[in-house]
Structures are given as C-alpha cells and as structure tokens.
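Working from the sequences, and respecting the hints, build out all of it.
Residue numbers (the numbering used here), protein chains in the order written: chain H, 1 to 114; chain C, 1 to 116.
Just so you know, these hints were derived from the structure itself, not from any lab.
Built from N, CA and C at the ideal position, the CB exists for glycine as well.
Wrong hints could be hidden among the right ones.
In silico DSS-like cross-links for lysine-lysine, where the CA-CA straight-line distance does not exceed 27 Å [unchecked claim]: (1) C:Lys44 <-> H:Lys42; (2) C:Lys51 <-> H:Lys106; (3) C:Lys51 <-> H:Lys42; (4) H:Lys71 <-> H:Lys58; (5) C:Lys44 <-> H:Lys5; (6) C:Lys44 <-> C:Lys27; (7) H:Lys71 <-> C:Lys51; (8) H:Lys106 <-> C:Lys44; (9) H:Lys68 <-> C:Lys44; (10) C:Lys27 <-> H:Lys15.
Here are the simulated distance ranges between beta carbons [claimed, not checked]: (11) H:Ser7 <-> C:Ala2: 28 to 38 Å; (12) H:Ala45 <-> C:Val83: 22 to 32 Å; (13) H:Ser55 <-> C:Lys71: 38 to 48 Å; (14) C:Gln17 <-> H:Lys5: 33 to 43 Å; (15) H:His76 <-> C:Glu41: 19 to 29 Å; (16) H:Glu59 <-> C:Ala2: 46 to 56 Å; (17) H:Pro82 <-> C:Glu40: 14 to 24 Å; (18) H:Glu56 <-> C:Gln81: 47 to 57 Å; (19) H:Glu26 <-> C:Val83: 28 to 38 Å.
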Amino acid sequence: QQQVKQSPQSLIVQKGGISIINCAYENTAFDYFPWYQQFPGKGPALLIAIRPDVSEKKEGRFTISFNKSAKQFSLHIMDSQPGDSATYFCAAALTGGGADGLTFGKGTHLIIQP
Amino acid sequence: NAGVMQNPRHLVRRRGQEARLRCSPMKGHSHVYWYRQLPEEGLKFMVYLQKENIIDESGMPKERFSAEFPKEGPSILRIQQVVRGDSAAYFCASSPLAGQATGELFFGEGSRLTVL
Numbered sequence: 001q002q003q004v005k006q007s008p009q010s011l012i013v014q015k016g017g018i019s020i021i022n023c024a025y026e027n028t029a030f031d032y033f034p035w036y037q038q039f040p041g042k043g044p045a046l047l048i049a050i051r052p053d054v055s056e057k058k059e060g061r062f063t064i065s066f067n068k069s070a071k072q073f074s075l076h077i078m079d080s081q082p083g084d085s086a087t088y089f090c091a092a093a094l095t096g097g098g099a100d101g102l103t104f105g106k107g108t109h110l111i112i113q114p
Numbered sequence: 001n002a003g004v005m006q007n008p009r010h011l012v013r014r015r016g017q018e019a020r021l022r023c024s025p026m027k028g029h030s031h032v033y034w035y036r037q038l039p040e041e042g043l044k045f046m047v048y049l050q051k052e053n054i055i056d057e058s059g060m061p062k063e064r065f066s067a068e069f070p071k072e073g074p075s076i077l078r079i080q081q082v083v084r085g086d087s088a089a090y091f092c093a094s095s096p097l098a099g100q101a102t103g104e105l106f107f108g109e110g111s112r113l114t115v116l
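Take a look at the structure:
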C-alpha cells in the first residue's frame, strides 16, 4: 500500500522555468511533510518542510504548497537552474508518537536544461 | 562537524555470503533509522533504533535481516545469506530526538550492496 504518491516520475524544465512536483497522501494523521533532494551517489538531503497548519512555505527559490482538504502538497522551484537537476522525494510522517519514520514517494528525476 | 557516516560505501557479495553495513550517527544523535532504496524506487523504511533498543522493525524482512545499535560503536545492519534481490542502496539516517518528534532526519551517503 503506497501511502504517498508522487508525480511526475521525471521532469524536464528549461533553465529559468518553474519546476512543479506533486504529492498526494492517504493518512490524514500525517503532520510533517518534507521534501528531500538527492544527487547521484549521495544521500537525500532535507530541502524544505511544512506542517499542515500553514498552506505555503517559501525558502529562497523553493516553495511548498499544501492543500489539507485535498491531501496534496507540491514543490515549486522558481527560476530553475542546471544545479537543481537531481531526484526529489516528497515524504510524510506522523510525529509526536509514531515510530515508523518517514514514508517516501517514489521520487521525481528533474533535469534542468541549460 | 561530521555528518552521518556509513561504510562501506560499496560492497560486493556472492549469493549466500553475509553483508554487514555500518552507520555512525551525527554527534549528539541517539536515534538511527535504516532505509533501503531500490532503483527507480523511493526509500523504504526498514528499522528504527535507539541505543541498545530496537524501537520499530516493521519494515525489516522477517528472515536474514537484523539490526543493532550497541551502547558503544556504530549501528550495524546485517544481512545473512544474501540473495540477488538484496542488491540495493542502504541508507542510514539519524535524529537528535525521536524522529517522530520533529520528523527531521539526516541521511548518510549510503552503502551500495551488489550481490553477484
């Protein structure tokens, strides 16, 4: 049972464009939604995260939009750069009591063309 | 300030051999998680440990896999009698508090196991 569904599987964006990756979750008890960035041969690194008490969080060129009623959240990368080319994973967690860590989506391979 | 350290980075084993993967959490972190990543897949939770305790092993295969986090030394993920399907990248993550309290995990660079 996949609890976090991520799309698209791969994405090609021109330099300077907006990259958008979407995720949907099933468990309404989830209360922490991070995005991780992974470069080839490296471990995932936390990029940005949001909790369901806000609908949007922005850090530099990266923005998370969160829709609690639809159980969806998305990552927007503004002014996408070739250095943003990586695999992006959304995740969800039940904090404050659960013990099964983060549940990850399957990832999106993002390529920014110069 | 060293991050999460995993070794070996690459490991090749023949079917039936044992694989041992080690993880030293970030300084000050006492909570360790192991994840497995298959090609074109996300990261699958395997086990969550604190010092000398397994907290949640619901993602761990029932046979051949075991994990420990002793009072001294690194956490170890052990795979006995490896099969080709065990070939994957194994990532360790650590957290200063119970990961479930904050959700934030810090990942190592992974150990890539290849079973011939």
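We went through each hint and held it up to the structure:
Taken as a hint, the Lys44 (chain C) and Lys42 (chain H) pair is honoured in the structure, with Cα atoms around 16 Å apart against an allowance of 27 Å. The suggested pairing of Lys51 (chain C) with Lys106 (chain H) is violated, with an alpha-carbon distance near 30 Å, which exceeds 27 Å. Pair hint Lys51 (chain C) plus Lys42 (chain H) holds up; C-alpha atoms about 26 Å apart against a cutoff of 27 Å. Distance hint between Lys71 (chain H) and Lys58 (chain H) is fulfilled; the C-alpha atoms sit about 19 Å from each other, no more than 27 Å.
Taken as a hint, the Lys44 (chain C) and Lys5 (chain H) pair is honoured in the structure, with Cα atoms around 13 Å apart against an allowance of 27 Å. Under the criterion of a C-alpha separation no larger than 27 Å, the hint pairing Lys44 (chain C) with Lys27 (chain C) is consistent with the structure, at around 25 Å. For the hint linking Lys71 (chain H) to Lys51 (chain C), the alpha-carbon distance of about 35 Å lies beyond 27 Å, and the restraint is violated. Annotation: proposed proximity of Lys106 (chain H) to Lys44 (chain C) holds, straight-line Cα distance about 9 Å (limit 27 Å).
A threshold of 27 Å between alpha carbons decides the hint, and for Lys68 (chain H) with Lys44 (chain C) the separation of about 24 Å falls inside it, so the pair holds. The suggested pairing of Lys27 (chain C) with Lys15 (chain H) is violated, with an alpha-carbon distance near 38 Å, which exceeds 27 Å. With their beta carbons about 36 Å apart, Ser7 (chain H) and Ala2 (chain C) fall inside the hinted range of 28 to 38 Å. A hinted range of 22 to 32 Å holds for the C-beta pair Ala45 (chain H) and Val83 (chain C), which are about 31 Å apart.
Hint check: Ser55 (chain H) to Lys71 (chain C), Cβ distance near 45 Å, so the stated range 38 to 48 Å holds. In this structure the supplied range 33 to 43 Å holds for Gln17 (chain C) paired with Lys5 (chain H), their Cβ-Cβ distance being about 37 Å. Separated by about 24 Å at the C-beta atoms, His76 (chain H) and Glu41 (chain C) satisfy the suggested range of 19 to 29 Å. Taking 46 to 56 Å as the suggested C-beta distance range, the pair Glu59 (chain H) and Ala2 (chain C) does not conform, at roughly 25 Å.
Separated by about 23 Å at the C-beta atoms, Pro82 (chain H) and Glu40 (chain C) satisfy the suggested range of 14 to 24 Å. The hint said 47 to 57 Å for the Cβ distance between Glu56 (chain H) and Gln81 (chain C), and at roughly 49 Å that hint holds. A hinted range of 28 to 38 Å for the beta carbons of Glu26 (chain H) and Val83 (chain C) is consistent with their spacing of about 31 Å.
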